[in-house]
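Chains as they are written, first to last, in my numbering: chain A, 1 to 318; chain B, 1 to 281.
Hints were generated in silico from the structure; no laboratory data involved.
Careful, some of the hints might be misleading.
Below, a list of computed lysine to aspartate or glutamate pairs in the EDC-like style, where the Cα atoms sit at most 20 Å apart [claimed, not checked]:
id : chain 1 : residue 1 : chain 2 : residue 2
1  : A       : K88       : B       : D10
2  : B       : K84       : A       : E189
3  : B       : K55       : A       : D255
4  : B       : K90       : A       : E188
5  : A       : K234      : A       : E112
6  : A       : K88       : B       : E122
7  : B       : K55       : A       : E188
8  : B       : K270      : B       : D10
9  : A       : K88       : B       : E121
10 : B       : K86       : B       : D136
11 : A       : K88       : B       : E162
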Amino acid sequence: MPHEARTEAAIATRVLKLDARRRAARRRSSLKVAPEPGATPAAHEFRLEAVQRWMQAVIVHPGDVDEAIASPEASAEVAPERLAELVKPSHSLTPAERVDIYHGMYMLRMVEALESDYPAIRHVLGEEGFEQLVADYVQAHPSRSYTLNRLGDHLPQFFLDHPDRPDAAFLHDLARAELAITQVFDAEETPVLTEAAAKAVPEAAWASARLRPVAALRVVATRHPVMPFLEAYKHDRPAPRPRRRASWLVAYRRDYSVLRLELSRHEYDLLSALVGGAPLGEAIARAALELRASRREATVFRWFRTWIAEGMFAALEA
Amino acid sequence: MTSNRWNYPDLGLGIGLRTSHYGHILSQKPEIGFFEVLTENYLDTGGRPLFVLDKIAESYRLVMHGVSMSVGSTDPVDFDYLAKVKALAKRINALWVSDHVCWTGVLGRNTHDLLPLPYTEESLRHTVEHVRTIQDYLERPLVLENPSTYLEFTPNSMPEWEFVARMAEEADCGLLLDVNNVYVSAFNHSFDPVAYIDAIPGERVCQYHLAGHTHKGTHILDTHSDHVVDPVWQLYGHTIRRVGLRATLLEWDANIPPFEVVRDEVLKAKAWRDQEVSDAA
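Model the full assembly from the supplied sequences, consistent with the hints where possible.
Have a look at this one:
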């Protein structure tokens, strides 16, 4: 997904939210310590490594800034009562208030990044619910990459690991669908199989040939319908109540636009078998077993025509 | 008129490349001196962003600007990341590669913020060593930007401008002088922005940044969300008198207006540049 907002600048909404958090923090703050005259410590008292570990521990702490400064992780590096020895007050802010600027922006940045990858989950949970989810998630799966594009990779697993969260099974499905869409957006561009190239493969070789999908394609089977939630976000409509019913979809890219199609179970079975590398004859035979004999050929032919027209395959490898 | 140490060209006036402007740029091909590309947005994608970037690279001069090099971090240098940066620079023929004088995380984590360094001898030695390692790998000078900061460390043994100047000299790297950041940090830390500019080694400056910010009364946040304020234009005028003409880029990252609004904003710099040229004549 495009992450233009994942840059060095805080966005305006972030600033507004930060203001509210900072006002609350200022009311609570018990760490308004001014440095004593002449109390400037020697630099060697605070080694760079310790300063960075301390600041990171404070910034990523889920509580307010006072709790963050007093947390075991931060205290292990710098005792809370020594804050003013490490951070200067400004003409208008205490050391804790200055640290809180960074502390407040961290979570807003994480929320913004995950909103970009999981807009339907954000739509379902609402602002507060989503912020709580992000706070819990980044504690378990903090960013370890140079890019925020990878931050949300573990969200489906997070719901599996926390089955007690409300609607965890449904959100697991929705997260898998949204992650697939993100992966399709970022996948390598690959050439698309043309009808002429397909016809060039001798008919006798078709049964053992393999259809290689384009890189920008993912098939997803879910236990809950997810398309209504993707559509609710897209059209800014209220999200429906989740319900349990098996559902299948394919996300793919055409002309650099990400598209998605709902599939029938049989269609999914055949497509996922092909994506998994099964030879054409074997995949069709397996899927055909489930289809009514009178419609078998016409149905499979229609699917293939759609998939090839939509540019879902890169090559037919004999 | 002084030049920079590497004779990087004065590209004139440029704009940060943003998704919302892709359509306009591809269809209208607006006249602009150069675009600055946000490095990390193009490292791990083979989709539309890279396709658009390749198209734009055919018609415009590009420079790269990153946020994850973390030159001041005590973590080891991330060579996997650098390999991708190097490949992208080659792919789009980037004229230079820049990042920030900051750190973004330790212990393998990334906060994705440009965090301030303590300005101490230890930090300086460490940062210089990292910058040298990175430059060796990239096989080009690194251009580093002075950050906007919201706190100062009590054990600082030198002001930021001395740290930046010494780092540039000792690591033999370039500087991206963000005039708005100087103004923001000057307010936040109560120093004289002109003294900062005057202490910067001009021959190492390869590029300028300009941007709008958000004044909160008690402090200023570098939000890139508005027009450039008059005091920053005044400081820009002083900077080009002192340092010389350099590629000048406007950053607009939040509440991004139509392309023409951003371009009109950066074109305001032309009057300051023309004044400098006429004064120098």
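The hints, checked one at a time:
At roughly 39 Å between alpha-carbon atoms, A:K88 and B:D10 are farther apart than 20 Å, so this suggested pair is violated. Of the pairs offered as hints, the one joining B:K84 and A:E189 holds, with about 18 Å between alpha carbons and a cut-off of 20 Å not exceeded. Under the criterion of a C-alpha separation no larger than 20 Å, the hint pairing B:K55 with A:D255 is consistent with the structure, at around 14 Å. Note on B:K90 and A:E188: the hinted pairing holds, with a Cα-Cα distance of about 18 Å set against a maximum of 20 Å.
Restraint check for A:K234 and A:E112: the C-alpha separation of about 17 Å stays at or below 20 Å, so the hint holds. At roughly 19 Å between alpha-carbon atoms, A:K88 and B:E122 fall within 20 Å of each other, so this suggested pair holds. Taking the CA atoms of B:K55 and A:E188, the gap is about 16 Å. The hint holds against a cut of 20 Å. For the suggested pair B:K270 and B:D10, the alpha carbons sit about 13 Å apart, so the restraint of at most 20 Å is met.
Proposed proximity of A:K88 and B:E121 is supported: the alpha carbons are some 18 Å apart, at most 20 Å. For the hint linking B:K86 to B:D136, the alpha-carbon distance of about 11 Å falls within 20 Å, and the restraint holds. Of the supplied pair hints, the one linking A:K88 and B:E162 holds, its CA atoms being roughly 18 Å apart against a limit of 20 Å.
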